[in-house]
Amino acid sequence: AQSVTQLDSQVPVFEEAPVELRCNYSSSVSVYLFWYVQYPNQGLQLLLKYLSGSTLVKGINGFEAEFNKSQTSFHLRKPSVHISDTAEYFCAVSDWDYKLSFGAGTTVTVRA
Amino acid sequence: DAGVIQSPRHEVTEMGQEVTLRCKPISGHDYLFWYRQTMMRGLELLIYFNNNVPIDDSGMPEDRFSAKMPNASFSTLKIQPSEPRDSAVYFCASSPGQMYGYTFGSGTRLTVV
Numbered sequence: 001a002q003s004v005t006q007l008d009s010q011v012p013v014f015e016e017a018p019v020e021l022r023c024n025y026s027s028s029v030s031v032y033l034f035w036y037v038q039y040p041n042q043g044l045q046l047l048l049k050y051l052s053g054s055t056l057v058k059g060i061n062g063f064e065a066e067f068n069k070s071q072t073s074f075h076l077r078k079p080s081v082h083i084s085d086t087a088e089y090f091c092a093v094s095d096w097d098y099k100l101s102f103g104a105g106t107t108v109t110v111r112a
Numbered sequence: 113d114a115g116v117i118q119s120p121r122h123e124v125t126e127m128g129q130e131v132t133l134r135c136k137p138i139s140g141h142d143y144l145f146w147y148r149q150t151m152m153r154g155l156e157l158l159i160y161f162n163n164n165v166p167i168d169d170s171g172m173p174e175d176r177f178s179a180k181m182p183n184a185s186f187s188t189l190k191i192q193p194s195e196p197r198d199s200a201v202y203f204c205a206s207s208p209g210q211m212y213g214y215t216f217g218s219g220t221r222l223t224v225v
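For the protein sequence lines, the chains are A and B, in the order given. Residue numbering for the first sequence is 1 to 112, as defined by the working numbering. Residue numbering for the second sequence is 113 to 225, as defined by the working numbering.
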């Protein structure tokens, strides 16, 4: 099974500032990569995914992520955050066995 | 589409009681997954089904846990007997295939006292 490391457990950020959430995974074989967001007391929602092709992937709510195969990373970014982006963010990896392995999550707190 | 529907949203039960969590996946999704989320262990895959058949139950913590999928539109996760350490949020998710990711339900928050 894949191993996923989210390098920051908590990220405080001011409103309208940029944010980057870092994610590294264990395998160099072909994988599918995902970012999910979880708002308080809700399930996880898919933000974006990388399957193949362009290494820069755009998702919902202004988020984007960049796949770097040599560094086995898939970092998530947003150029300007809003209060409503306060949530927990999960990086996930899927390989041949159809199972998603999730990172431990990064809590983003946006302050005015 | 109503999405993945889980019931109940909250469950409080006494230690030793049987608990049954329910899930209705999205129509047409061939894969169904049960996850458990806790502060200490994060998101853990318990079991997943493909076309109603259990494929991998290696994440089921012990024999007290069982899961069934009698048809394409319904699955249950049962804990018997329940213990306080089973307290967690249990999520059901479904997917039409690997490259699509999962659609999660809103979860069932289980508290065993």
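None of these hints come from the bench; they were simulated from the model. Because the structure is a prediction, the values reported are computed rather than measured. Cβ atoms here follow ideal geometry from the backbone N, Cα and C, with glycine treated the same way. Mixed in with the good hints, there may be bad ones.
[Claimed, not checked] Among chain B residues calculated to face chain A with C-beta under 10 angstroms, some are:
(1) GLY154
(2) TYR160
(3) ASN164
(4) VAL165
(5) SER185
(6) PHE186
(7) GLN192
(8) SER199
(9) CYS204
(10) GLY219
[Said to hold, decoys possible] Computed spacing ranges between beta-carbons, pair by pair:
(11) B:ARG134 with A:PRO18: 22 to 32 angstroms
(12) A:GLN10 with B:SER170: 48 to 58 angstroms
(13) B:ARG221 with A:ILE83: 18 to 28 angstroms
(14) A:PRO40 with B:MET152: 42 to 52 angstroms
(15) B:GLY154 with A:LEU56: 24 to 34 angstroms
(16) B:ASN183 with A:ALA17: 30 to 40 angstroms
(17) A:PRO18 with B:GLU174: 16 to 26 angstroms
(18) B:GLU174 with A:SER80: 44 to 54 angstroms
(19) B:LYS180 with A:GLU16: 44 to 54 angstroms
(20) A:ILE83 with B:GLY115: 33 to 43 angstroms
[What the hints assert, rightly or not] List time: in silico EDC-like cross-link candidates among lysine to aspartate or glutamate, alpha-carbon distance up to 16 angstroms:
(21) B:LYS180 with B:ASP168
(22) A:LYS99 with B:GLU174
(23) A:LYS99 with B:GLU195
(24) A:LYS99 with B:ASP175
(25) B:LYS136 with B:GLU156
(26) B:LYS190 with B:GLU174
(27) A:LYS99 with B:ASP168
(28) B:LYS190 with B:GLU130
To see whether the hints hold, each was checked on the structure:
no.	hint	verdict
1	GLY154	holds (5 angstroms)
2	TYR160	holds (7 angstroms)
3	ASN164	violated (15 angstroms)
4	VAL165	violated (13 angstroms)
5	SER185	violated (19 angstroms)
6	PHE186	violated (18 angstroms)
7	GLN192	violated (25 angstroms)
8	SER199	violated (16 angstroms)
9	CYS204	holds (9 angstroms)
10	GLY219	holds (5 angstroms)
11	B:ARG134 with A:PRO18: 22 to 32 angstroms	violated (42 angstroms)
12	A:GLN10 with B:SER170: 48 to 58 angstroms	violated (31 angstroms)
13	B:ARG221 with A:ILE83: 18 to 28 angstroms	holds (25 angstroms)
14	A:PRO40 with B:MET152: 42 to 52 angstroms	violated (19 angstroms)
15	B:GLY154 with A:LEU56: 24 to 34 angstroms	holds (28 angstroms)
16	B:ASN183 with A:ALA17: 30 to 40 angstroms	violated (49 angstroms)
17	A:PRO18 with B:GLU174: 16 to 26 angstroms	violated (45 angstroms)
18	B:GLU174 with A:SER80: 44 to 54 angstroms	holds (47 angstroms)
19	B:LYS180 with A:GLU16: 44 to 54 angstroms	holds (49 angstroms)
20	A:ILE83 with B:GLY115: 33 to 43 angstroms	violated (25 angstroms)
21	B:LYS180 with B:ASP168	holds (12 angstroms)
22	A:LYS99 with B:GLU174	violated (20 angstroms)
23	A:LYS99 with B:GLU195	violated (27 angstroms)
24	A:LYS99 with B:ASP175	violated (22 angstroms)
25	B:LYS136 with B:GLU156	violated (20 angstroms)
26	B:LYS190 with B:GLU174	holds (12 angstroms)
27	A:LYS99 with B:ASP168	holds (9 angstroms)
28	B:LYS190 with B:GLU130	holds (7 angstroms)
Against the hints set out earlier in the document, violations occur for numbers 3, 4, 5, 6, 7, 8, 11, 12, 14, 16, 17, 20, 22, 23, 24 and 25.
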